[in-house]
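Q: These are the residues of each chain, in order.
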Amino acid sequence: MTRRTPLRRLLPPALAVVGFAWLVSAQWLWARVLATLYPGESPVLFPAGTLAQLTVRHLQLVGISSAITIAVGLPLGIWATRRSGRAFREIIVAAADVGQTFPPVAVLALSMPLLGLGALPTIVALFLYGLFPVVSGTIAGIEGVPRPIVDAAGGMGMDAGQLLRRVELPLASRVILAGIRISVIVNVGTATVGAAFGAGGLGGPIVGGLLVQNMAFITEGAVTAALLAILLDALLAALEGSVVPVAT
Amino acid sequence: MIRFEQLTKRYDDRLAVDHLSLEVPDGRVCVLIGPSGSGKTTTLRMINRLIEPTGGRVLIDGRDTASLPTEELRRSLGYAIQSVGLFPHFTVAENVATVPRLLRWDKQRIRERVREVLALVGLEPDDYAARYPRQLSGGEAQRVGVARALAADPPVLLMDEPFGAVDPLTRGRLQGEFARIQRELRKTVVFVTHDVDEAIRLADLIAIMRDGRLVQYDTPETILDHPADGFVHDFVGADRALKRLGRVRVADVMRADVPHAAAEDAAALAKRDGGAGYAYVVDAEGRLLGWVDARMVREGRPCEEAVTRVRVEEASVGVDATLKEALSRMLGFGFRAIPVVDDAGVLLGEVGLDAAEAATEPGSRASQLRERSADGAPR
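Sequence lines, in order, name chains A and B. Position 93, counted from 1, in the first sequence is what our numbering calls 93; the numbers after and before it change by one each time, with no gaps. Position 85, counted from 1, in the second sequence is what our numbering calls 85; the numbers after and before it change by one each time, with no gaps.
To be clear, the hints were calculated from the coordinates, so they are not data collected in a lab. One should not assume that every hint holds.
[Stated by the list, open to error] Below are the SDA-like pairs computed for lysine to any residue, each with C-alpha atoms no more than 25 Å apart in a straight line:
hint	chain 1	residue 1	chain 2	residue 2
1	B	107	A	161
2	B	107	A	162
3	B	107	A	160
4	B	107	A	159
5	B	107	B	90
6	B	107	B	129
7	B	107	A	164
8	B	107	B	91
9	B	107	A	245
10	B	107	A	26
11	B	107	A	170
12	B	107	A	166
13	B	107	B	138
Start from the sequences, fold in the hints, and give me the full structure.
A: Okay, structure coming up:
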């Protein structure tokens, strides 16, 4: 594989980010298009905030929850493959699995008495929901490193930390990043539910639109959330290309 | 010196290695061989403690390996396994530099050493250093594996079927080169294989294992001539005479003074030299081009026709080859003798069928030669 130069590799994602930023700040464009699509609706734009504000808020919810998910899920997954944590491997996978089978709406509803309304319960729900792909991706990635390679590394005198940093994580990075990617993308969509519990974000126009039966609001939120998911997916794919070592 | 004392590995109620005791003298190659499940790889891995023994101990130069920190012990032992053990995300140079980096050598020294060992295993550093393992052929990958094991110049090498994953031709060449490197470096080597021919060719001492126990530990000659029991007899196989040829290096038995000359002179040489009836044709640098047959010259055929131009790599053998390979080549071509050339194709001499005949007789000069070189080893 010939590696592309950093500039050529970074250019397409950078252009996509700029394009997206322009699109969400172009209020006039949305107003015109939505007015054309839904001539009966008025107003056509969600009044509680500009699209740019809603998007930033949404990114905060996804960013914070994903950061916590990775900060917890990655070490947890690594630990499950270590000698000290191997006994807990099944429990960890099962727990992360349960986190994902539990619908986020249910988590939000159940956590409301405890955490109240706002961003916090949403972030907790997104964290639990996104944990499974990260943990299982980390475990699958590390366990997928061929046994002879691990043996060779150990046999040449790498200690556990060197083995992890120099061999296991680099070779597992593709699978780990795939897990993170799924987790983040799913969170973009799931975070819209948080609006019903006062978390704000792009779920605001969707939930609001459902309440007042305004299709223009729903379209505004849903289309932007979908575009955001596609954009983040592309960005993480580009990251994968620059972090993952030469194809194995 | 490596010494096993009552070395034992138990898995539940199965003994993988059963009270194994043996000694590998310094600078010798000990080949552990046996059918699968005989405990040979388990034994090897107990030396660098990838597997912890259940009982007994391993001493290296009198020191109990259990008393050393595991990482320190392993960095002092070269370890080569099948090519799949190369790190796919490291270049060839980075792979080879693994142990020196762990030992915190400075960068300049590592760079020089990497070039040195790559050249030693026959890989041109400028061509190979920056490649990744998947850009290598099987044979090249195994050379890198050996270079990686040699990188920190450890006195002891552990090799677990290092030539297991390549075709027979490449394997033969790698074995020849390993033998050459070993003659030069004199490492203490423990080598695991299931290939009897490989064991006979490379070993100073062969340890034949069965069900975790040592059945016979002896020089290859003794094992071929006096197998300890029916198992060893069957394991070694019925073609023992032929296998004995695998012990003899062409370089040790070749005739060096063979008639050779440039094309025109070779024809005269073949005619005049009544004994041989042929002469080798070489170029100005001494590289083998072919040979002329006296009978054809006498029959008055043109010289060009009489000169048999050969594809050197097919109709000759290298100095590192064994007599077994030479015999096989002779029989294949219907020759009574075959020229011997060096890596550059320069004619060095020839070996004949007579050398093979002589070597297959027990107590022959060739086998005495080998036994003398392996003396000091326990019988």
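Q: For each hint, tell me whether it holds in the structure or not.
A: Consistency of the hints with the structure:
Taking the CA atoms of residue 107(B) and residue 161(A), the gap is about 22 Å. The hint holds against a cut of 25 Å. Under the criterion of a C-alpha separation no larger than 25 Å, the hint pairing residue 107(B) with residue 162(A) is consistent with the structure, at around 18 Å. At roughly 23 Å between alpha-carbon atoms, residue 107(B) and residue 160(A) fall within 25 Å of each other, so this suggested pair holds. About 21 Å separates the Cα atoms of residue 107(B) and residue 159(A), which keeps this hinted pair within 25 Å; it holds.
The hinted pair formed by residue 107(B) and residue 90(B) meets the criterion: a straight-line CA distance of about 16 Å does not exceed 25 Å. The hinted pair formed by residue 107(B) and residue 129(B) meets the criterion: a straight-line CA distance of about 15 Å does not exceed 25 Å. This hinted pair checks out: residue 107(B) and residue 164(A) have alpha carbons roughly 23 Å apart, not beyond 25 Å. Distance restraint check for residue 107(B) and residue 91(B): the Cα-Cα separation of roughly 16 Å lies within the 25 Å cut-off, and the hinted pair is therefore satisfied.
A hinted pair counts as satisfied when its Cα atoms are at most 25 Å apart, and residue 107(B) with residue 245(A) qualifies at roughly 22 Å. Distance hint between residue 107(B) and residue 26(A) is unfulfilled; the C-alpha atoms sit about 55 Å from each other, more than 25 Å. Proposed proximity of residue 107(B) and residue 170(A) is supported: the alpha carbons are some 22 Å apart, at most 25 Å. With a C-alpha separation of about 17 Å, the suggested pair residue 107(B) and residue 166(A) falls inside the 25 Å cut-off, and the hint holds.
Using a Cα cut-off of 25 Å, the hinted pair residue 107(B) and residue 138(B) is violated, with the two alpha carbons roughly 29 Å apart.
When held up to the earlier numbered hints, the structure conflicts with 10, 13 and fits the remainder.
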